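**Student:** Each chain sits in its own coordinate frame; assemble them with the hints.
Here are the chains, one letter per residue:
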Amino acid sequence: MFAWAAGMALVIVSALDVPAARAQSPAALQRGRFEVALGSLWIGQQALGSRDANETTSAGSSLKLFGASSDLAGAAGLEGRVGVRLRGSLEAEVEASYARPPLRIAISNDFESAAPATATETIQQFTIGAGVVWYLPYRVRRGTRVAPFMMAGGGYLRQLHEAAILLETGRFYQFGGGVKYLLVSRPTKPLKGVGARLDVRALVRSKGIAFDAGHYTSPAIGVSLFVRF
Amino acid sequence: MKRSLAMVLVASMVFGSAQPALAYLKFGVTVGGAQMTLKWAQTPVRYFVTDQGVTGVSATDLQAAAGRAFAAWQAVPTASIAYQFAGFTAATPDRDDGLSTLGFRSRPELDRVLAATSFVVDAATGALVEADIFFNSAFPWSVAPAGEANRYDLESIALHEIGHLSGLGHSALGETELREGGGRRVLGAEAVMFPIAFAAGSIAGRTLRADDIAGISDLYPDGDFNQALGSISGRVTKDGQPIFGAHVVAFDVARGSMVGTFSLNAQGDFSVGGLSPGPHALRVEPIDDADVESFFEAARTVDVDFRVAFVDRVVIVPRGGDSGEVTVKVVRK
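These protein sequence lines are chains A and B, in that order. In terms of this note's numbering, the first sequence has 213 at position 213, counting the first letter as 1, and numbering is strictly consecutive. In terms of this note's numbering, the second sequence has 1259 at position 259, counting the first letter as 1, and numbering is strictly consecutive.
Everything labelled a hint here was simulated from the structure, so no lab data went into it. Each hint should be verified, as a subset may be incorrect.
Said to hold, decoys possible - What the simulated footprint calls covered on chain B by chain A, stretch by stretch (three residues with Cβ under 8 Å from a Cβ of chain A suffice, anywhere in the stretch; the number is not a length):
1) 1164 to 1178
2) 1192 to 1205
3) 1253 to 1259
4) 1277 to 1284
5) 1315 to 1326
Claimed, not checked - Cut-off 27 Å, straight-line C-alpha distance, at most; resulting in silico cross-link-like pairs (BS3-like, lysine-lysine):
6) B/K1333 x B/K1238
7) B/K1238 x B/K1329
8) B/K1333 x A/K64
9) B/K1039 x A/K64
Stated by the list, open to error - So the derived label-pair ranges between C-beta atoms look like this:
10) A/A59 x B/A1064: 22 to 28 Å
11) B/G1183 x A/G49: 36 to 42 Å
12) B/A1075 x A/T120: 49 to 55 Å
None of these values were measured; they are calculated from a predicted model. Every residue gets a Cβ at the ideal spot worked out from N, C-alpha and C, and that includes glycine.
This is chain B alone, in the form it adopts within the complex (with noise of 0.2 Å):
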């Protein structure tokens, strides 16, 4: 099988400013001039774990942190994708073998940068051959249950990289602040898949949320996902124009989860899935918690002038359905 090579590099679970990704909720790929989700054509998905370890972590201690995240991810009930251990291995994942592959890397070069996810595509089928996970080992980390002050916790950002090596992109769903000296430090986050990571020694981030696990869903649907829940669609417009790149959150009232998308093509089109039936309030933003780079390429313009505003309807979820289209309008800044 001829095989090659788009190599997408997502810089993910930085600290300070994002490198440039290419990342939707879910991640595209061009094939023969179209569109393609890029997702796995055929699970269990199987990993190989780098034979090195570095302070604090055994090369045991990564695979133990990793088979939790992985185990996080398949546990989703809704979603159909499985993992498989297969071995350590002295690769590193940094090799275009067909092996996907986790294991520390020292990068201090990318001094924001705490891990990230490449990917090897079938350039014919655009399905996923491979995907490695390399750990800055720049950066301390640490496998304690209980997280280590100063040290970064490795089942989290294993959790945020394999949502990647799935096919997910990054998720908005996440507020910060800017840091003296550069970066910004999160002040809250309701995704994994939020770009920026947790601070040192939190563990806040082992558990999935609403969001990845709609993410996910909506990539491998499982059982009656497509039946039991549904989707809100429509567009976000700016005096009468289409915007790109609007946050949109639908919050679930009965439950209190809230699953985010964007605004993602130039009529202001955005569709949001996994959501349970009930009622909905819609919540629009532009991108100012992460660089807008963390989650569009660089080359598309992201509007971003606009205020935070909810939608002035209840918008209902039907079951196994869409709410029918919701136009909302915001309001230049």
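If we strip away everything but chain A, and leave its shape as in the complex, we get (with noise of 0.2 Å):
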């Protein structure tokens, strides 16, 4: 799972690899001390698992009523992070965010023959978390506004199913990568820069809805503009 998340953000900076010249670490480009961020966040499908209705036979052995697979689909939500610079290359983060994935629990094979079904609640989904960013050391050619990351941290996840009637929580990790791009750089000034941030992260949940004492594994991806004190 992390050589994914690496290969992801390796996938990326590879393809923003510029033969150097004069070339100058991307952190430098990143100045001022503190970022705010706000976006967009699409987290992708966790398959919750299957399970069967199952009866009891004469022998002891199970009849199946009818199969259950459920997941929690992909959907789309808000981002916001905090940022502070630590040192050169290294950043913390506080981040919120906000989504509301369906719940769906896919009915199939009727023992009477029911049509399948498929039932669904929207899900309110809070997290938030803390992590690292890490600029990498590569080399870009002198002037570009690009800076490739690559991120890790975790938190607190509260999951609200509809009518709020009962509150499911757990935790979250999450780890990747992606770029920054400095759309406008003012280093002279109190507003050093504003700028977009495009990350790809593998993301897992423990508890929360959860089906058995598994993890969830999916998918994340991030679109925020950031400023830059």
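**Tutor:** So this is what it looks like as structure tokens:
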């Protein structure tokens, strides 16, 4: 899983690779100590597993009444971040997000031939967490506004069922990578820059809406605008 | 205390078509014009065992098998009911003597009835006063730990009857097929309280299921049953009209367990309790795996002319509360 995320980040970085002339660290381009970002987030599907509704036969074996397969469907959401530069290429971030993924239960193979059906509800999912961003010491052309980075973090998760009648809590971890692109750079001003960020992550969730003790992994993509002070 | 006597015969655990019986998920009794749930006012429930055995099963064997079955119900952590063996008796389980008695009786004319429970109810309070269980000695019985071919497992049948003795009616959580020559064969069941027994030789009915546990806990809630668990309630309609007697099953997606109930009034209302918090799928079906009379009074008109259906929303059971009304629309066959 980590290899998958790292591979994803390297693909992004490689795509931005430009033959170096006089190079400088992209971290150097990220002037300013604080960064505030707001953007959108897409979280991929999380399969929650399958379970059969079984009855017991005379022999003690199982008779399947119907099968049920569940997932949290992919969904878009909002995400905000506040970062602070720790060292030249290292930032710490706190983040919060909100999304409304649908919980789906697909029912099939009914013993009495009921038509397949999908039961759904919309979950409200809130996260709050922290992480680190490490700017890659990648050599890029002088004057570029692109800064590739890797990230890792984790935090607390709340999932609220429809009508707010049941709350589930859990944890999440994420790691991946991306790029920041400075749209406006004003190194001498209090507002030192405005930019866009794109990242791709592996999102790992434990507990919350979980039908077993396992972890659920899905891809996630974040796109945001940031300002730097 | 004036006592008398609504005798309610529960013809249960049949291997063919069931006998007429009054049976809901919980039994009801009318006292002073009001419908009350039939249950024991005091526990432990003291019971006697008839000192007569049958071929292959001594009175001691019967007491031991019944004791295991009573222990299974008593062990339900979310229920408070308890039972106590009071001794052997020469009395048979057909006497209105104030003693709850389990024993064999030969009833060859009841050629599809393995066992039955009868009650004596206090007409003033509606409380159970006495409940007798007879096992029909016209059938071959076994108490062998692993079961015995062609003999009915006494412990399994006792487990079912003790559910009745405690106040539980029949569950419809089972699938059957018609047998040549009449009656039904159980293909699968997920409730000890399903009205038709597993085949002779089977011991699959010795274990209480989620549906049984929910039922007994609903009757005799203990500990944090009402705080820790929740319920789903709603209404079943067809062509915009409420229907009576639809079998509603709540499937716990996380645990794979099922608990059933029925729409039980003219408004088509249902309520299924004792559910673990979390997402559930709801399945609604007509009663078609046992005679309607196994569940309801013969006088009730039960609608069985609709297709099996699932509710198109995930139903969430809250902790210590109710889902809020779920309307289930079914269509005719």
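**Student:** So, for every hint listed, does it hold in this structure?
**Tutor:** A quick look at each hint next to the structure:
{"no.": "1", "hint": "1164 to 1178", "result": "holds (count 3)"}
{"no.": "2", "hint": "1192 to 1205", "result": "holds (count 6)"}
{"no.": "3", "hint": "1253 to 1259", "result": "holds (count 4)"}
{"no.": "4", "hint": "1277 to 1284", "result": "holds (count 6)"}
{"no.": "5", "hint": "1315 to 1326", "result": "holds (count 8)"}
{"no.": "6", "hint": "B/K1333 x B/K1238", "result": "holds, 11 Å"}
{"no.": "7", "hint": "B/K1238 x B/K1329", "result": "holds, 6 Å"}
{"no.": "8", "hint": "B/K1333 x A/K64", "result": "holds, 23 Å"}
{"no.": "9", "hint": "B/K1039 x A/K64", "result": "violated, 34 Å"}
{"no.": "10", "hint": "A/A59 x B/A1064: 22 to 28 Å", "result": "holds, 25 Å"}
{"no.": "11", "hint": "B/G1183 x A/G49: 36 to 42 Å", "result": "holds, 39 Å"}
{"no.": "12", "hint": "B/A1075 x A/T120: 49 to 55 Å", "result": "violated, 38 Å"}
The structure shown violates the earlier hints numbered 9, 12.
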